[in-house]
Every structure is written in C-alpha cells, then in structure tokens.
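Participant: Protein sequences appear in the order of chains A and B.
For the first sequence, the numbering used here assigns the number 11 to the initial residue and increments by one for each residue that follows.
For the second sequence, the numbering used here assigns the number 34 to the initial residue and increments by one for each residue that follows.
If you're looking for bench data, these hints aren't it; they were derived computationally from the structure.
One should not assume that every hint holds.
Residues of chain B clear of chain A, computed beta-carbon distances all greater than 10 Å [unchecked claim]: (1) M95; (2) L183; (3) D248; (4) E313.
Okay, the calculated bits of chain B under chain A, using three or more residues with CB under 8 Å as the criterion [unchecked claim]: (5) 71-84; (6) 97-111; (7) 283-296; (8) 304-311.
C-beta: ideal position from N, C-alpha, C; glycine also.
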Amino acid sequence: MNINSAIEFENVSKKFCIRLEEQMWYGFSDILRNILNMRKTNTLRKDEFWSINKVNFKIKKGESVGIVGLNGSGKSTTLKMINGIFMPDLGKISIRGRVGALIEVGAGFHPYLTGKENIYLSGAIFGMPKKYIDQKFDEIVEFSEIEKFLDMPVKNYSSGMYVRLGFAVAAHMQTDILLIDEIFAVGDVDYQKKCLTKIQELKNIGKTIVFVSHNEKNLKEICSKGILLHEGKMVYRGNIDDVLKKYKEYNLKN
Amino acid sequence: MKEGKIVVYDSISLYSRGIRYLIFDMVSSVWKSRELIYRLFLRNFVVRYKQSLINWGWIFLMPFITMLTFLLLNISGILKIGDLKVPYPIYGMLGVSLWNLFSNGLPSTTLSVDSLGGLIGKINFPKSAIIFAASGQVLVDFYIRMLVILPVFLIYMRFPSWLIILFPIYIMPLVLLMLGCGFFFAIVQVIFKDTQHIINLGLSFFLFLMPIMYDMPKKGLLVVLSRYNPIYYLISVPRDLIIFGTTNNFIPYFLSTLISLFIFTIGWFVFYLSETKLAERI
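Kindly produce the complete structure, drawing on both the sequences and the hints.
Facilitator: Following this line, the structure appears as structure tokens:
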C-alpha cells in the first residue's frame with residue numbers, strides 16, 4: 011500500500027442478487043461455503059449482477075473526495091466496503107487508519123431511553139470507550155443544544171433535537187477516515203449549516219473524508235476531488251468540478 | 034488501532050490467516066467490545082418493562098404460572114408429577130427458572146441480530162456483542178428469581194443446601210449451551226425468518242419431553258430420551274445441588290458440560306466466520 015494513501019481499491023468487485031428468494035439460498039450457500047473453507051463462486055449466478063465492477067482508486071490521507079453517481083451506481087456499496095460492512099467478492103481493499111461512518115443519524119438510539127443514556131449507547135456502538143465519551147460529553151451536548159432535555163426520553167424530542175444529537179455523537183468518533191452518506195437530508199437549514207461547519211472543522215484537522223451526496227453545493231463545499239460511478243464502474247475521477255460536469259452529462263443521457 | 038495500521042479486506046478465505054489468529058481475534062474482539070455489550074444489555078433491560086403495569090412483576094409471575102399449570106395438570110390427573118422429596122413449589126419453581134435460562138435465552142439470542150438489522154447494515158461493530166448482550170437478560174432474570182425462591186423454601190420450613198451460593202458457577206454450562214445454539218440460530222434467522230417459529234414450537238414441546246416439572250417416571254420412552262438429553266442433566270443437577278447439596282448424576286452432568294462447551298465454541302466460531310456475511314443478508 012502506498013505510504014500516502016488512506017484508502018486503496020484494487021480491482022474491487024461486489025455482486026448482489028435481484029430477487030429475495032434466490033438471495034436467501036445464495037446467502038445460505040455462501041455462509042456454508044465460507045465456514046467449510048470452500049472456494050467462492052466468482053461468476054454471476056442466476057439473477058445476480060455486479061453492483062461494483064472492477065473499481066480501482068486511491069484516496070490520499072487528508073483528501074476529501076466526493077462519490078457521485080445516479081441512484082444504483084454503487085455509491086453506498088462503496089462506502090460500506092470501505093467501512094468493512096461488505097466484503098469484496100473480488101479484488102482487494104486496503105485501509106490505513108480508523109474508519110467511522112456518519113451514515114445513520116441516531117444510530118442505535120432507543121426512543122424510551124433518555125438523551126444521556128442514548129449518548130452512551132450510540133457512542134458504544136461507534137466504538138467509543140466510556141472515558142472518551144465522558145470527556146466529549148459536554149461538547150456533544152453543546153452541539154446538539156439539548157442541555158435542558160438530557161433526562162427526557164428521546165421519543166419526546168423534536169425531530170431537530172433528535173438529528174442534532176445523533177449527528178453530534180457520530181461526529182465525535184475517534185477516526186482518521188470519515189464516511190458521510192446524505193446526512194443532511196434529515197434536518198432543517200440550521201442543522202445543515204451546523205453539520206457542514208463541523209465537517210469542515212474535521213477536514214481542517216486532517217481527516218480523510220469520503221462524501222456521498224447528490225447535492226452539488228455541499229459536494230463543492232466539502233470535496234476537492236471526485237469519483238464518478240456509473241452502473242458499478244468508475245467512469246471518471248478528477249477535480250470535483252470536472253466530475254460534477256461529467257455527472258451532468260450522464261444525467262442527461264439517462 | 035493506531036494511525037498507520039493497515040486493514041485489508043479481500044476475497045481470500047479467512048482460514049488462510051490461520052486458526053490461531055482467528056481464535057485470538059474472535060476472543061479479543063469480544064473483550065474489546067465489553068463496553069458495547071454492557072450498553073446493549075442495559076438498553077434491552079431498561080426498556081423491557083417500560084410502559085408495563087406490573088413491571089418487574091413479570092419476572093416472578095412467569096415461572097409461577099408455569100408451575101401452577103403443572104400443578105393443575107397433576108390435580109386433574111392429566112400428568113403425574115410423581116413422588117418428590119420436596120414440596121412441589123420448590124421443585125417446580127427451581128425447575129422452570131432453570132429451564133427459562135435456556136427457553137427464554139434461545140429465542141432472544143436468535144432474534145437479537147435480525148432485529149438490529151438496520152444498524153448492522155450501516156455501522157461496523159462486532160456482531161457477537163449482540164448475542165452476549167441478549168444473554169445478559171436471562172441471567173439477570175434468573176438471579177432475581179433465585180431471590181424469590183428463597184422465601185418459598187422458608188414457607189415450607191426447609192433450607193437450601195449451602196451449595197446454593199455456588200449456583201452462578203454450575204448454571205454456566207446451561208447458559209453456554211444456550212449461547213452456542215443461539216449463535217447458530219441467529220445466523221439462520223437472518224436468512225430464514227421461519228427459524229423463530231420453529232424454535233418456539235420446539236421449545237414448548239421440549240419441556241414436556243424432560244422430567245423437569247415432574248419426577249422421572251419409572252419406565253417408558255421418556256426415561257430413555259432423558260438419559261441421552263444433556264439439557265435434562267444441566268437443569269436437574271443444579272436443582273439437586275440447590276435442594277439437596279448432592280446428586281446421583283455427576284458423571285452425566287460432567288459429560289453434558291463437555292458437550293455444551295463444544296457446542297458453545299463451535300457456535301461462536303461459526304458465527305465469527307459468518308459475521309461479515311450477515312450484513313449483506315439483512
């Protein structure tokens with residue numbers, strides 16, 4: 011792996027199944043083959059397709075890269091593979107540093123638990139030790155503006171309070187690489203502004219950022235580079251402005 | 034993990050990393066996520082009886098009603114409890130409480146991973162933590178029930194054996210057996226949603242197959258079946274130890290413990306190997 015790289019994809023492919031019925035049996039046989047140490051099926055079975063197809067790229071440390079593409083082009087799958095949630099069927103992914111995902115706002119929150127309890131629960135799911143959460147607790151509360159409601163069950167929170175708290179916990183992960191997937195779609199303008207500022211902050215302290223979005227403005231604000239995916243293939247990579255231009259061409263074609 | 038540490042994901046089989054590495058990684062990943070296990074356990078625990086009228090009362094009511102059912106079956110002559118050396122409430126409450134360690138633990142571990150599916154597809158964390166957290170619930174239930182059983186002893190002017198203080202140790206084989214099965218069924222449940230129904234059906238049938246709520250009959254098919262049923266020994270021997278302080282079944286209990294250790298290890302390992310495949314199937 012290159013010394014300057016944070017993320018490297020080498021000929022990475024990932025297949026998915028279209029129909030639920032077959033997916034069930036494929037899942038069963040894949041898990042069985044895995045346990046019995048049998049060879050994987052590298053070809054497509056009936057009703058399968060390549061969700062990611064021989065993708066190659068490198069992302070340098072401290073770079074902020076936007077992943078752009080139409081729906082179903084493999085953006086989220088790519089993020090999940092960087093995160094280690096999905097394993098590649100072919101190829102190799104190398105990651106240097108800790109990865110954190112700002113994908114779900116309020117991950118693991120339980121509506122009946124109080125704001126305080128949920129901070130510790132969600133933090134634990136993100137892999138933060140209790141001591142670390144103790145340290146960051148005031149910062150998280152301040153960002154989410156819920157001081158008065160810390161002991162109230164989050165089901166009684168306004169949706170604004172809920173997403174702010176969720177974002178605040180996730181944004182305090184101890185990570186080197188941050189994956190962000192359409193996190194702004196859920197809140198109002200104020201919230202979006204706050205998130206953007208926080209992400210800029212994280213970027214400025216040198217975190218590598220991979221950002222999936224359809225919002226041109228946000229992409230330009232956060233990212234310098236971009237990757238354009240189309241039907242599971244990487245069709246273009248370069249500066250974010252050029253990538254967005256190409257993306258528009260693809261948008262028109264379809 | 035420090036900065037600079039490289040993680041590689043590829044399509045090469047996990048086994049190529051060596052069995053020793055895998056076992057070490059399996060155990061250490063759970064050790065590292067002990068905080069998460071505690072938080073997930075707390076989440077289930079705190080939430081379970083919220084918005085419920087009698088709250089924790091359910092923990093006592095469940096075994097009590099089961100015991101009462103068997104008592105009624107006995108009175109009406111449908112089922113023979115047999116000649117016991119102790120009052121039935123002591124015998125029955127202990128039996129059903131121990132059985133519940135298995136029969137409540139298995140469905141909750143089986144469902145635990147599937148019900149957190151949304152989270153698993155989005156955030157990467159050790160999935161085995163979910164299973165361990167789910168088993169915490171039944172253990173706490175059992176400890177609380179033991180506190181209720183003590184007064185029952187006193188009502189009948191009896192004292193449990195001193196070995197009662199060691200019960201957290203000799204119930205462990207039963208818990209490990211439950212966990213081992215739970216690991217296995219949790220994977221299957223993710224793929225085939227029928228699993229939970231099959232387990233619930235099987236469990237209610239299974240209780241009648243073992244002389245847990247009644248005395249061992251003198252002869253018949255049940256005697257033969259129970260002789261080869263490890264769960265029977267893992268329940269009846271702890272009960273004997275609590276009531277009498279001794280048991281006739283030390284050797285079968287020991288063998289059953291070995292079986293449960295074996296199933297636990299295999300179940301955990303199979304789950305560990307399949308963890309990364311689970312997210313794709315949810």
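Participant: Do three or more residues from the region 71-84 of chain B put their C-beta atoms closer than 8 Å to C-beta atoms of chain A?
Facilitator: Contact hint for the region 71-84 of chain B vs chain A: holds, 9 residues under 8 Å.
Participant: Count the residues of the region 283-296 of chain B whose Cβ falls closer than 8 Å to any Cβ of chain A, and tell me whether that reaches three.
Facilitator: Since three or more residues must qualify, the claim that chain A covers the region 283-296 of chain B is violated, with 0 doing so at under 8 Å.
Participant: Residue count check for the region 304-311 of chain B against chain A: does it reach three with CB-CB under 8 Å?
Facilitator: n = 4 at 8 Å, threshold three: holds.
Participant: Can we confirm that no CB of chain A comes within 10 Å of the CB of L183/B?
Facilitator: holds (32 Å)
Participant: With 10 Å as the threshold, tell me whether E313/B passes as away from chain A on beta-carbon distances.
Facilitator: The assertion about E313/B is violated, with a minimum of 6 Å to chain A.
Participant: Please confirm whether D248/B is truly not at the interface, meaning its C-beta sits more than 10 Å away from all C-beta atoms of chain A.
Facilitator: holds (42 Å)
Participant: Confirm or reject: M95/B is not an interface residue toward chain A, with every Cβ-Cβ distance exceeding 10 Å.
Facilitator: holds (22 Å)
Participant: Counting residues of the region 97-111 of chain B that have a beta-carbon nearer than 8 Å to any beta-carbon of chain A, does the count reach 3?
Facilitator: violated (count 0)
Hints 4, 6 and 7, counting from the list given before, are not met by this structure.
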